[in-house]
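Q: Chain by chain, the residues:
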Amino acid sequence: MSRFSRLLALLAMAVLAGCGKPEFSDAEKKTIASLALSALPPLKTDTTNRFADVPAAAALGSTLFFEVGMSGDGKVSCSTCHKIDRQFQDDLPQAVGVGRTNRRTMPLAGVAHDPWFFWDGRRDSLWAQALTPLENPLEQAGNRAAYAHYIKARFGERYERIFGPLPDLSTVPANASPLGSDAEKAAWNAMSAAQAEAVNRVFANIGKAIAAFERSIAPPQTRFDRFAAALATGIQPQGDDAFSPEEILGLKLFIGKASCVTCHTGPRFTDSSFHNTGVPPVANLPPDRGRIDAVRQVEADPFNCFGAFRDGDASACGELRFMVKAGPELVRAYKTPSLRGAATRPPYMHAGQFSSLDEVVAHYSKAPTSVEGVSEVHPLQLSDRERGAVVAFLKTLAE
Amino acid sequence: MASLWRYVLAGLGLAALLAGILAAVYLTAPQAPRLASSEIARSKKTAHGLFVASFEPERGAIRQGELQSWLLTLKTGAGTPVEGAAITISGGMPQHRHGLPTSPQATDYLGNGCYRIDGVKFTMSGLWQLHFAISAAAGSDTVVFNVLL
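Chains as they are written, first to last, in full-length UniProt numbering: chain A, 1 to 399; chain B, 1 to 149.
Note that these hints are calculated values from the structure, not bench results.
It cannot be assumed that every hint is accurate.
Cβ-to-Cβ under 8 Å is the rule here; a few derived chain B residues that face chain A [said to hold, decoys possible]:
1) E39
2) S54
3) A61
4) G65
5) L67
6) H96
7) G99
8) L100
9) P101
10) N112
11) R116
12) H131
13) A133
14) S135
Cβ pair distances, simulated, as ranges [what the hints assert, rightly or not]:
15) A:Q297 x B:T76: 50 to 60 Å
16) A:A174 x B:E66: 38 to 48 Å
17) B:A41 x A:L92: 49 to 59 Å
18) B:P94 x A:A232: 13 to 23 Å
19) A:Q238 x B:E66: 30 to 40 Å
20) A:R154 x B:P94: 48 to 58 Å
21) A:S181 x B:G111: 50 to 60 Å
22) A:R100 x B:A61: 28 to 38 Å
23) A:P137 x B:K45: 52 to 62 Å
All figures in this text were calculated on a predicted structure; none of them were measured in a lab.
Don't be surprised by glycine CBs; every beta carbon is placed ideally from N, CA and C.
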């Protein structure tokens with residue numbers, strides 16, 4: 001009898017324990033699975049850059065990425081700001097190259113999956129993007145004629161093995177660019193159309209090599225991904241992969257009440273689109289209106305998908321062709337950043353406005369109105385405990 | 001002995017109570033937006049009844065985050081294909097107060113009242129709305145399609 005009653009008591013306890021709410025509903029499990037790195041589709045081929053998947057091009061691109069000779073003052077390379085051991089960013093609120101820029105350096109993991117580049121999306125391909133810092137006076141501050149000469153002198157053989165013969169540059173001025181100083185512009189305008197085209201071709205190929213390299217920069221597996229993988233197979237996550245109650249609450253808020261997942265969606269935690277989230281401007285920086293001002297710039301870029309330097313046909317240009325060109329929602333709209341690795345690379349936002357994740361989550365909780373345009377986020381009124389939980393969850397994306 | 005039984009019974013009672021509360025919570029918990037099937041219909045009359053419009057992806061499934069083409073087919077009430085229609089498209093996510101991430105356009109007339117709407121992209125799951133303004137020989141009318149991802 002006593003054994004029987006003990007059994008019953010045990011049964012009652014088991015019922016009690018088992019009755020607790022299951023940790024995640026089926027809908028939540030589905031969302032969690034959609035955020036796991038394993039859900040990331042393979043990179044699509046970039047038909048606008050026929051060298052995108054050529055190993056020799058990626059190798060040359062990697063050399064150029066770290067090459068300080070690729071700058072006006074011989075001191076700045078892409079990797080000055082996109083540091084390989086710092087998730088390809090620099091931990092600064094605003095990047096510093098030859099001069100001080102107005103925006104924060106963007107990390108590069110998984111960037112090749114995106115249709116638009118820069119915080120405001122003012123370039124429409126990875127190779128067209130790479131050309132911009134090379135000539136920006138605040139970043140690498142060089143000019144395309146000088147880069148063409150430099151490639152010929154330093155990497156001529158490697159270049160020609162990939163892209164074919166370099167043009168005759170003997171009559172091309174040492175410094176010339178349609179975007180440079182007055183002297184460089186004058187030199188550019190004095191060049192023949194054929195010379196300009198030849199220099200632009202070399203310049204575009206520099207971008208295509210660098211883009212081929214950047215395609216290999218992939219986001220790494222995180223604790224969240226191991227947790228999600230275990231959850232998907234129905235196994236209880238073990239040891240370090242298991243989430244604490246606080247992390248579970250944070251994850252539930254992220255995909256539920258706090259609706260972070262509406263923009264930070266999919267395995268890269270970004271919808272690759274542009275939103276006004278009411279992030280305040282930085283005092284003393286020039287006015288920054290985000291996406292609205294980028295539309296004209298990408299349309300005017302001679303290296304855009306409609307331009308003469310695209311490989312393949314124009315069917316690859318859907319994003320540019322069907323781009324939203326006007327509308328109040330573009331004002332102070334910025335590209336949704338990936339949240340993978342974010343916890344270990346403050347500061348945050350397009351000009352480093354917030355110095356910690358606590359500040360970021362407090363911003364979303366309050367949801368202040370935007371100085372211009374309309375913020376899409378609404379006040380969440382999260383408790384201290386809930387804010388802490390969201391931060392705890394974000395940390396699992398960087399472990 | 002008897003007192004132990006009382007504990008067991010109390011335990012079981014408590015478990016039943018908990019199960020009841022949880023069931024109640026589950027049944028009344030807010031659900032993801034769920035629409036009547038008529039509201040996500042792929043075929044419907046336009047606002048003033050001028051046309052019957054149907055809207056569906058050109059290649060079967062909807063893929064989130066990718067540019068896709070859809071087909072808008074326009075017929076009159078009597079079933080005659082509507083030709084030469086001028087179509088403009090707008091829309092967005094009503095619950096998030098943002099517009100479409102792309103600006104889709106009618107790019108081709110495929111015959112039999114069927115127009116290709118290219119450049120459609122849905123960047124997130126949830127309820128999307130596409131508004132069509134249609135103007136043809138019979139007059140102008142509008143129609144809204146809901147797409148739930």
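Q: Would you mind marking each hint as holding or not holding in the structure?
A: Cross-check of the supplied hints:
1. With 8 Å as the threshold, the beta carbon of B:E39 stays out of range of chain A, its nearest partner Cβ sitting at about 20 Å, so the hint is violated.
2. Look at B:S54: its Cβ only gets to about 22 Å from chain A, farther than 8 Å, so that hint breaks.
3. Interface restraint check for B:A61: the shortest CB-CB distance to chain A comes to about 14 Å, outside 8 Å, so the restraint is violated.
4. Because the smallest distance between the Cβ of B:G65 and any Cβ of chain A comes to about 7 Å, under 8 Å, the interface hint for this residue holds.
5. Proximity of B:L67 to chain A holds as hinted, the smallest CB-CB distance being about 4 Å (cut-off 8 Å).
6. Residue-level restraint check for B:H96 holds (minimum Cβ-Cβ distance to chain A is 6 Å; threshold 8 Å).
7. Annotation: interface hint on B:G99 holds; nearest CB of chain A at approximately 5 Å, less than 8 Å.
8. Satisfaction of the interface hint for B:L100 is found here, the shortest Cβ-Cβ separation to chain A being roughly 7 Å, below the 8 Å cut-off.
9. Among the interface hints, the one on B:P101 holds; its C-beta lies about 5 Å from the nearest C-beta in chain A, closer than the 8 Å criterion.
10. Interface restraint check: B:N112 against chain A, minimum CB-CB distance 24 Å, threshold 8 Å, status violated.
11. Taken as an interface hint, B:R116 does not check out: its beta carbon lies about 12 Å from the nearest beta carbon of chain A, beyond 8 Å.
12. The closest approach between the C-beta of B:H131 and any C-beta of chain A is roughly 14 Å, which is over the 8 Å cut-off, so the hint fails.
13. Contact between B:A133 and chain A, as hinted, is not supported at the beta carbon level, the nearest pair being about 16 Å apart and thus beyond 8 Å.
14. A least Cβ separation of about 21 Å between B:S135 and chain A goes past the 8 Å threshold, and the interface hint is therefore violated.
15. In this structure, A:Q297 and B:T76 break the distance hint of 50 to 60 Å, their C-beta atoms being roughly 45 Å apart.
16. Against the hinted window of 38 to 48 Å, the Cβ-Cβ separation of A:A174 and B:E66 comes to about 45 Å, which satisfies the hint.
17. Between B:A41 and A:L92, the C-beta spacing of about 52 Å keeps the proposed range 49 to 59 Å intact.
18. One distance hint, 13 to 23 Å for the beta-carbon pair B:P94 and A:A232, is violated here, with the actual separation near 32 Å.
19. Under the hint 30 to 40 Å, the C-beta atoms of A:Q238 and B:E66, about 36 Å apart, fit the expected range.
20. Between A:R154 and B:P94 the beta carbons are some 56 Å apart, a value that agrees with the proposed interval 48 to 58 Å.
21. Between A:S181 and B:G111 the C-beta distance comes to about 57 Å, which sits within the given range of 50 to 60 Å.
22. In this structure the supplied range 28 to 38 Å is violated for A:R100 paired with B:A61, their Cβ-Cβ distance being about 48 Å.
23. Between A:P137 and B:K45 the CB atoms are about 59 Å apart, so this pair conforms to the stated range of 52 to 62 Å.
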